Amino acid sequence: MGLIRYLLIAAAGLLAIVIFKRIVAKPLRQHLDNKEDERLGRLVQDPQCLVYVDNRDAVRRKVPGGELFFCSESCATQYMEAQGGA
Numbered sequence: 313m314g315l316i317r318y319l320l321i322a323a324a325g326l327l328a329i330v331i332f333k334r335i336v337a338k339p340l341r342q343h344l345d346n347k348e349d350e351r352l353g354r355l356v357q358d359p360q361c362l363v364y365v366d367n368r369d370a371v372r373r374k375v376p377g378g379e380l381f382f383c384s385e386s387c388a389t390q391y392m393e394a395q396g397g398a
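Okay, so the sequence shown: first residue is 313 according to my numbering, each after it adds one.
If you are wondering where the hints come from, they were derived from the structure by calculation, not from laboratory data. Just so you know, these numbers come straight off a predicted model, no measurement behind them. Please note that a few of the clues may not be correct.
Quick list of simulated restraints, FRET-style, between CB atoms [what the hints assert, rightly or not]:
1) Y364 / R334: 30 to 40 Å
2) L315 / D366: 33 to 43 Å
3) D366 / V330: 51 to 61 Å
4) L315 / L355: 50 to 60 Å
5) Q390 / R368: 17 to 27 Å
Glycine residues also receive a C-beta, built at the ideal position from the N, C-alpha and C atoms.
Using the sequences and the accompanying hints, generate a full structural model.
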């Protein structure tokens with residue numbers, strides 16, 4: 313009878329751990345991952361020189377249909393002049 317009691321306690325403990333991981337730990341980990349993504353930004357490609365730059369640090373130019381990101385003011389100017397829009 314004592315062995316069965318220990319097995320039931322162990323099974324209940326294992327079940328508690330599984331429930332904790334699914335209900336508490338996973339959303340917490342996703343929240344922390346999202347915070348890291350916000351801190352890191354997002355990489356975008358410069359259409360002039362084709363390098364990737366963090367969108368928060370990029371030089372931005374509004375164009376019909378959206379926004380373009382450039383690594384520097386020089387690349388933005390060159391691209392806009394080539395497109396006939398500077």
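* Unsatisfied constraints (hint numbers, rising) -> When the structure is compared with the hints, numbers 2 and 3 turn out to be violated.
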